[in-house]
Structures are given as C-alpha cells and as structure tokens.
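Engineer: Below are the chains, spelled out letter by letter.
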Amino acid sequence: MPGGGIIRDELKNQGPQRGSLCWEKKYRQLLALIKAQRVLLIFAIFLALLPIWADPLAGPIHLNIILTMRLVGIFTIAAVGLNLLIGYAGQVSLGHSAFFGVGAYASAILAVKAHFPVWLAIMAAVIASAFIGLLVAPVLRLKGHYLAMATLGLGFIAFVFMREMTWLTGGNVGIANIPELSLPGLRITNDRGEFYMVWVIALIVLALCGNLVRSRTGRAIRALHQSDVAAGAMGVNVSWEKIKVFMLSAALGGLAGGLFAHLQGYIDPNLFTITLSIQLVAMVVVGGMDSVWGAVAGAGLLTFLPKIVEALPKWIGPGVPKWIANYSNYEGIVFGLILVLTMIFMPSGITRGLSDLGRYRRSPFVNPYRKKVVE
Amino acid sequence: MEDIGNSNGILLKAVGLTKTFGGLAAVKDVSFDMRQGLIKAIIGPNGAGKTTLYDLLTGIYMPDKGSVIFQDREIIGLPTHKIAALGIARTFQTIRLFSSMTVIENIMVGLHHRTRTGMLQSSLRLPSARREEAWMGREALRYLDIVGLEMQAENLAGSLPFGQQRLLEVARALATDPRVLLLDEPASGLNTYETRELGDIIYAVRDLGVTVILVEHDMGLVMRISDEVLVLDYGEIIAEGPPETVRNNPKVIEAYLGSPLH
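Chain order of the listed sequences is F and U. Residues 82 to 456 (this note's numbering) make up the first sequence, in order. Residues 918 to 1179 (this note's numbering) make up the second sequence, in order.
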C-alpha cells in the first residue's frame, strides 16, 4: 500500500553501515544481544556459581539446595510452557499433568523397555506430548471456565490411562530403574551434573520463549487473549494460533516430564494427578502471568518454601513440640497460604508485583496493572 | 489512486443479505454495490442492523441468505482471518484494542497476515526473523504517522485517551493493507475537534486507495465526507444515494423523527 510518512527509526537503525568494519558490526550485535538477555545471563552466572555455596550449606540447614533446584528447573520448563498458554494466550488449562505424565511415561518406557538412549527418549517424549496436544486441541473451541473444566477432565483421563494400561505403564507399580541423565562420553551422573543439565535446558527454553513472546506469533497470541474477534478481524488465524501455542505448551510439559522421569529414576501414576496440574497453574499465577520470568519465580517459590518449612523444626532444634515436628502435611498449608497471600497482595504475580513495588512504592492493595474485564 | 472518483469498478457487492436472530430480522434482504475509491456511509436509527451488516461482511456471522462478492470472489463462508487477508478491514463500535499491548504492537498485529516468520524462526531470532521484525517496526510507525500517534508508540494502548484509541483502531485496521475499510461509528465519543480531524484522516485513507464504508450517527460528518449514503431501518434499505438526496427523502425523515401525527 502506498502512503507517506516519516520513517522515524530509519536514522536509528542505519548507522554508518557501509563504512564500518564487519567485526565492529558483529561486536555491536553481540553487545545488543547481551543487553537484551542480561537477566538471563545474570541468572545463568548465579546458577553456575550456586554449587559453590549451596553444597557446604546443605548440611547445616537440612536442605539440599542442589537437589531442590533440579526440580525447580524442571517445573520452570513446564511452567513457562503453561504460562504461554494461560498468561499469554489466555487459555486456562487445568490438565497439564496429562502432558507432564505423557512425557514422563513416554520417555521412561522408551528408555527402559525399548532401550532408547536417554536424550532420544526425551525427544520422543516431547514429540509424543505435542502430538497428544494436537489430538485434544478441539477442546480449544471452548472458552473460559468451559475450557478449564474440559482440560481438568483431560488430566483425569490421562491419569486413568496411566494407572489402567498395566501392560504398558506398569499400573500402580509404576516404572522403576529409569536410566539417569548423562552426557555421551562424559559420566556426569551425580546431582550436580544433573542440576547443570536440567538448568542448561531450562535456560534455553526461557531464552527461546522470551524471544517468542516478543515476536509476531507472541503478539498474535497476546492479541487473541484480549479480543479474539478483533484478532481475527486483523487477519490472525485465531484457532490455529491457539492450537500452536497449546502444542508448544504440551511439548514443554512433555519435556519437563521426560527430564523428571530420568531424574527421579522411578515414576508411578500418582505423581501425575490433578495436584500436579494445580501446582503448575499456581506456579504460573504466583510467579506472574505474561512474564516468562514469572515461571522461574513461581516454580522456585512453590518448590522451595514447602521444603524450607519442612526443614524448619530441625533448625530450631529439640525445643519444637513433638506434634509440630511430626506433622507432615505442611506442604499443603504453605501452598495454600502462598496462593492466598499472592492473590491478595500481588494479584498480578510476584515478578510484576515486586517490580511495581520498586517502581511506584504504592500500597500493595493498589495494583495499576490489575486486569480490567474486557467485553 | 489515478482512478479515484471516476472508476465504475465495483469492488464489493452484497446481494440479498439476510440474518435473523430468533425470529427478529436484524438484516433483511440487503443488497448494495460498493464502488472503488468512494466513501459510503451507512446510517440508520439504533438497532437498524448496521453493525450486524458489518459482522456479515467480515465473516463474524454467517448470513441466513445472500452473498457477498468481493473482487469477483464469494466471501461468505470464509473465516474472518481469510476475509481480512483478502482486504476487508474493520474497526469496532465498542473499542476492541489489545489494551495491555503497546500502541505499536497493536499495529504490528495488523501486519500479521502480511508477514511470515514462524515460531521457530522467531524463538531463535534468526536473521530473517530480525529483518522482518525491523520491517514491521518501520511499517507500523508509518501507519501511526497517518493517524498522528507516532509519539505514543511505546505506551499501552489501554492508557490512551478515548479519541486516540479510536484512531489507533483505524490505524490497526489500515495495517492489514485493506481494499475496503469498514468503520463502525468512529466518531462516537469524539469531540467536535477530534471529529473534524477524523474526517481528514478518512480522506487521507481514501487517498491511499482504500474504499471506506462508514457507519455513523454524526450526521455532520456523514453529510460532509461521504459520496454515497445508504439508510437502513429495521434491517432494510430505505434509501440510497448522494447525501443531499437522502437527506430530503421523506422515508428517511420518518425513520429518524417518527411519522407525523395525523
């Protein structure tokens, strides 16, 4: 289409392009990349150095940080995927345990029964989950609560399959002796090695998803979240974009599940119930919707806090009354408490909430970004 | 643009469009031609079926009967996004911006079907994806410039004043590179100054080679800028023609003011 107008950023983008040397351009590109991914880089450095101080600390505080961080990494992967679906595309899934479970089982079965190499099994698990995502994609025609209910059912169905298809999944007995994660050639099978492997994958996923949400596809899914009618009228194929993001979300759930199976070495159906789905949704909501880093914060908080609470009586020592020290279900209490407190004080999630606090120092009850009901 | 005003080429042709909602005919046997390069206004009292007509043209509703030929092609039955890609863009009576996205991102959604970068390319930020992204940024600024919102590019669409939100909707629709632009009450809620500005923008849009259909209640604007006026009442066309003729049509006066007491 013809049309006039000042192209304002022309000046900004085209510097002394012809005249400058090639390496100079490359250097500037590298600087721009570092600047764009600085949060990721800082976080990567933090993780790389984590074992140095976390290992000696594990004994005194009765909490193995490295072991827990492995789980955080896995849940981060699943939560990032779910956040794309819930936070960005606005399609609530309460059945993500299905994809997590499918990934775990596919990878475990392939590795144990078909003797696939571990990483190949995980890749196959990712594809299997994405495929299941495609199969159940028709539920995406439903909206809002109806979609939530349908996906809830999906989680139950997957659970029943895992439990009842005994010939394949081993039923309630589960699958044991799943080979550990390792790198070909290198024998890194200790906790620290696994911690690094999981987090390298998690960081890659974070970087890719961070790019994705700022791209053409990311804008399309955010647009259909706010008004699918307007997005359609602007030429976005709403149902196809929903299917794509659902498949991606399922695939990331499968990746997390596959890693989980090899990390744990043992899986049974009871690990992949509605509780897991709710936990994943809670990570997304607590961490912050439409923020990739919210997944890390949510997964970290919801994985660590219960463990810390569990370890708390040991910190205090023998003074703790026995009934407190022996009560084992703190996890549920802490989980619920976090959810309630976040919803009251930071309804848009802790990443958004904290940055808002820093920026505005407003009362936590006033949330400038609180979503208004559109339509 | 060379053939504006003197072309007899029919761009859009609606024949016998009918849509009923539970016995109530929202649009009844509506037929009209839309010639290229003109500004056509559709007016009528509230509930006359104007917005429903738009929804039929853009594929949001399926008509019970009738057809719409756009550039020699039947578009009834095509999904909304295909119709948008063919070149029919619209704005909404109740503003439907992507309010938690920035102004420029809203425009870039309009550029969606004109770009091709896939999920994999954009998540890896391959050079092709970066090039297209840069092109989208430049192109989007061009459209913001047309409606004079380029200074607001990085603000959230929802934070704009009402009048600017209306303009942003126009710019977003323009970004889909339409042949026909359907404006749904673009002047409602605008003050006199903003309405005059809107008139200028509609002229500018026409000069870009876009045919404009305008649903509007502001008669001053309609009479000033439109080449043809179509009047709907209870879903039926009661008058069609140049603004002066339509204004003096007794049926139109009756529809707007009610029948004289006998």
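Take these hints with a grain of salt, some might be off.
[As the list claims (entries may be wrong)] 30 angstroms max Cα-Cα, derived DSSO-like pairs, lysine-lysine:
# : chain 1 : residue 1 : chain 2 : residue 2
1 : U       : K1168     : U       : K957
2 : F       : K224      : U       : K999
3 : U       : K1168     : F       : K224
4 : U       : K982      : U       : K930
5 : U       : K945      : U       : K982
6 : U       : K1168     : U       : K945
The hints are simulated quantities; they were obtained by calculation from the structure and are not laboratory data. It should be emphasised that the depicted structure is a prediction, and the values quoted were computed from it without experimental measurement.
Engineer: Which of the numbered hints above does this structure break?
Structural biologist: Checked against the structure, the only hint that fails is number 3, while the rest are satisfied.
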